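Engineer: As a plain string of letters, each chain reads:
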Amino acid sequence: PLGTGAFTEETGQEKQDAQEKGRAVPPERAEEAKLKAKYPNLGQKPGGSDFLMKRLQKGQKYFDSGDYNMAKAKMKNKQLPSAGPDKNLVTGDHIPTPQDLPQRKSSLVTSKLAG
Amino acid sequence: ADIISTVEFNHTGELLATGDKGGRVVIFQREQESKNQPHRRGEYNVYSTFQSHEPEFDYLKSLEIEEKINKIRWLPQQNAAYFLLSTNDKTVKLWKVSERDKRPEGYNLKDEDGRLRDPSMITMLRVPVLRPMDLMVEATPRRVFANAHTYHINSISVNSDYETYMSADDLRINLWNFEITNQSFNIVDIKPANMEELTEVITAAEFHPHECNTFVYSSSKGTIRLCDMRTAALCDRHAKFFEEPEDPSNRSFFSEIISSISDVKFSHSGRYIMTRDYLTVKVWDLNMENRPIETYQVHDYLRSKLCSLYENDCIFDKFECVWNGSDSVIMTGSYNNFFRMFDRNTKRDVTLEASRENSKPRAILKPRKVCVGGKRRKDEISVDSLDFSKKILHTAWHPSENIIAVAATNNLYIFQDKVN
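Residue numbers (my numbering), protein chains in the order written: chain A, 748 to 862; chain B, 741 to 1160.
In case anyone wonders, no lab produced these hints; they're calculated from the structure. Wrong hints could be hidden among the right ones.
[As the list claims (entries may be wrong)] In silico PhoX-like links for lysine-lysine, alpha-carbon gap of 20 Å or less:
(1) A/K801 <-> B/K801
(2) A/K783 <-> B/K1045
(3) B/K1045 <-> A/K785
(4) B/K1131 <-> B/K808
(5) B/K850 <-> B/K833
(6) B/K1109 <-> B/K1131
(7) B/K1058 <-> A/K801
(8) B/K1045 <-> B/K1058
(9) B/K808 <-> B/K1130
(10) B/K1106 <-> B/K1131
(11) B/K761 <-> B/K1130
(12) B/K1045 <-> B/K1131
(13) B/K1130 <-> B/K1058
(14) B/K1109 <-> B/K1045
(15) B/K931 <-> A/K801
(16) A/K781 <-> B/K761
(17) A/K801 <-> B/K961
[What the hints assert, rightly or not] Label-pair distances were calculated between CB atoms; the ranges are:
(18) B/A886 <-> A/V772: 47 to 53 Å
(19) A/A784 <-> B/K961: 24 to 30 Å
(20) B/F981 <-> A/Y786: 49 to 55 Å
(21) A/G813 <-> B/D874: 45 to 51 Å
Only a predicted model underlies this, so the values are computations on that prediction, with no experimental measurement involved. Every residue, glycine too, gets a C-beta built ideally from N, C-alpha and C.
Work out the full structure: start from the sequences and follow the hints.
Structural biologist: Structure follows, in structure tokens:
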């Protein structure tokens, strides 16, 4: 797929033509126009490498081993803090600490799915 | 319960496995049909639950590796134990699920509790015997296939030779032997030398059901490549290339995104492949590369919602698709807990809903309809009322009977044909 800025012009022209000839604008084009109106800087072609790079990294949470180990060490000194106000002491929103990791459920517990 | 991320029947349909976001696998087993209760046609009960993957940290790249199970694939049964492959983003594991109904008793060197006996107190020898015990189902990890994928694994597929399998990530596909965990062969590599030139990624891959040298992989650009492993060690050049020509008048910013194939499945016959992109399901004949032989609209009414679906990321949802046992019906999910079935012969289609509020257990499902505009009838639901957070991405069809499993977020629904 090629074409970048050409899109906007085409759409504009197409719309004009359509109105003149009385043809319906394909819904996809109408939606595209809506999107471009909201985000005028969205000029890059969607299949471009930036877009795909984002896709390759989608969902990855960054993790700082320094913060993680500091938080672990802090917890060893105090008793295990209960969830709540103490959670604020842990650095960073997204840094997982041992208590934040999902508890491993015993294999013998019947799954709720069975209900 | 956690969000279900994969559903798969085994080759006989006796077992149904689900994987979830928390890295757990739950296996259901169909109960034996009994003459006493003929109206209960073999329901599925929990057979085994185990933690397949744990969250991990990649210290080198400072990344968290999710424990979510992306795919489960069963191996055909070759002895009393069951084997399945389960994978998260980075690591594939082979699990053995086996039953234990006997236990050895009468050891000489330890008590029944396991405590060691004092050897000087032992005056006579006895032979331990196996005694029956309550059935216990154990899951043990037999192989761990790690460190072979830089990018996120999206597919695994067992080869019909039952000796090898493949794992595919965004840019590469690797071939493994079940017995060997420290080596795998790279068979497809589409990573460009300069990442700035990246134009497409691999979205799904599957081996042919009978021909052990043939596999297909789909791309984010809506194309499918069929490769033959006999031609070269590295299958970068395809044997067949399936692409539907695009209608230039329909081209828009969204065209490429909605053409991205989220799932590809061979028919049981091996003659056809089915692909799912954002709005349609297509059936392709392996003998014809230039266009699909059938195209089914899953939810075409979303075409006029693409702008908001792009903004809320729903346009990137990856729906799966499945064949029924005889390849006559295909099924795929949609939003609002709806799923769709298309009969390839009669060309009839139906929309059903998987929700507790709208149907009672054992009640016959009522067909649903989405109204596009204008007057809405009483039973219909308008496009604007659809709940886009309730998406059915994963479904499975029993290999020979009309039993389907539908995952609706964190609930699993099992539907069967009406009993006469």
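Engineer: Give a verdict on every hint.
Structural biologist: Now for the hints, and whether the structure bears them out:
1. Taken as a hint, the A/K801 and B/K801 pair is honoured in the structure, with Cα atoms around 16 Å apart against an allowance of 20 Å.
2. Between A/K783 and B/K1045 the alpha-carbon distance is near 14 Å, which keeps this suggested pair within the 20 Å criterion.
3. For a cut-off of 20 Å, the pair hint linking B/K1045 to A/K785 stands: about 14 Å separates their Cα positions.
4. At roughly 17 Å between alpha-carbon atoms, B/K1131 and B/K808 fall within 20 Å of each other, so this suggested pair holds.
5. Between B/K850 and B/K833, the direct Cα distance comes to roughly 34 Å. Violation of the 20 Å bound is thereby established for this hinted pair.
6. For the proposed pair B/K1109 and B/K1131, the alpha carbon gap of about 16 Å is at most 20 Å, so the pair holds.
7. Proximity of B/K1058 to A/K801 is assessed by CA-CA distance (about 16 Å); at most 20 Å being required, the pair is judged to hold.
8. As the CA atoms of B/K1045 and B/K1058 are separated by approximately 17 Å, the hinted pair is consistent with the 20 Å bound.
9. For the hint pairing B/K808 with B/K1130, the CA-to-CA distance comes to about 19 Å; that is within 20 Å, so the pair holds.
10. Of the pairs offered as hints, the one joining B/K1106 and B/K1131 holds, with about 19 Å between alpha carbons and a cut-off of 20 Å not exceeded.
11. With a C-alpha separation of about 16 Å, the suggested pair B/K761 and B/K1130 falls inside the 20 Å cut-off, and the hint holds.
12. For the proposed pair B/K1045 and B/K1131, the alpha carbon gap of about 16 Å is at most 20 Å, so the pair holds.
13. Simply put, B/K1130 and B/K1058 have alpha-carbon atoms about 13 Å apart, close enough for the 20 Å limit, and the pair holds.
14. A distance of roughly 18 Å separates the Cα atoms of B/K1109 and B/K1045; the hinted pair therefore holds under the 20 Å criterion.
15. Distance hint between B/K931 and A/K801 is fulfilled; the C-alpha atoms sit about 15 Å from each other, no more than 20 Å.
16. Restraint check: the Cα-Cα separation between A/K781 and B/K761 comes to about 35 Å, which exceeds 20 Å; the hinted pair is violated.
17. For the suggested pair A/K801 and B/K961, the alpha carbons sit about 16 Å apart, so the restraint of at most 20 Å is met.
18. For B/A886 and A/V772, the hinted distance range of 47 to 53 Å is satisfied, since their beta carbons lie about 51 Å from each other.
19. For A/A784 paired with B/K961, a C-beta distance near 27 Å keeps the hint of 24 to 30 Å intact.
20. Checking the proposed 49 to 55 Å range against B/F981 and A/Y786 shows it is violated: the Cβ atoms sit about 34 Å from each other.
21. With their beta carbons about 49 Å apart, A/G813 and B/D874 fall inside the hinted range of 45 to 51 Å.
Against the hints set out earlier in the document, violations occur for numbers 5, 16 and 20.
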